[in-house]
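Engineer: Sequence:
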Amino acid sequence: ADKDRQTVFISLTVISLVGCFLLFLIRKPD
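Going from the sequence shown to the working numbering is simple: count from 1 and add 186.
Everything labelled a hint here was simulated from the structure, so no lab data went into it. This one's a predicted model, so the numbers in the text were calculated from it and none came from an experiment. Idealized CB from N, CA, C, for every residue including glycine. Incorrect hints may have been included.
Claimed, not checked - The calculated label-pair distances, taken between Cβ atoms and stated as ranges, are: (1) A187 to P215: 43 to 53 Å; (2) P215 to D188: 28 to 38 Å; (3) V194 to K214: 23 to 33 Å.
Start from the sequences and build out the full structure, keeping to the hints where you can.
Structural biologist: Dropping the structure here:
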């Protein structure tokens, strides 16, 4: 149970970081 919870937490963290990074690239003026 703890292992699954840790995996989900890590997955959400990575997705959040990637999402923020993509938004930063999209908003960045060319």
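Engineer: It remains to establish, for every hint, whether it holds in the given structure.
Structural biologist: Quick rundown of the hints versus the structure:
Between A187 and P215 the Cβ separation comes to about 46 Å, which falls inside the hinted range of 43 to 53 Å. For P215 and D188, the Cβ-Cβ distance of about 44 Å falls outside the hinted range of 28 to 38 Å, so the restraint is violated. For the pair V194 and K214, the beta carbons lie near 30 Å from each other, so the given range of 23 to 33 Å is met.
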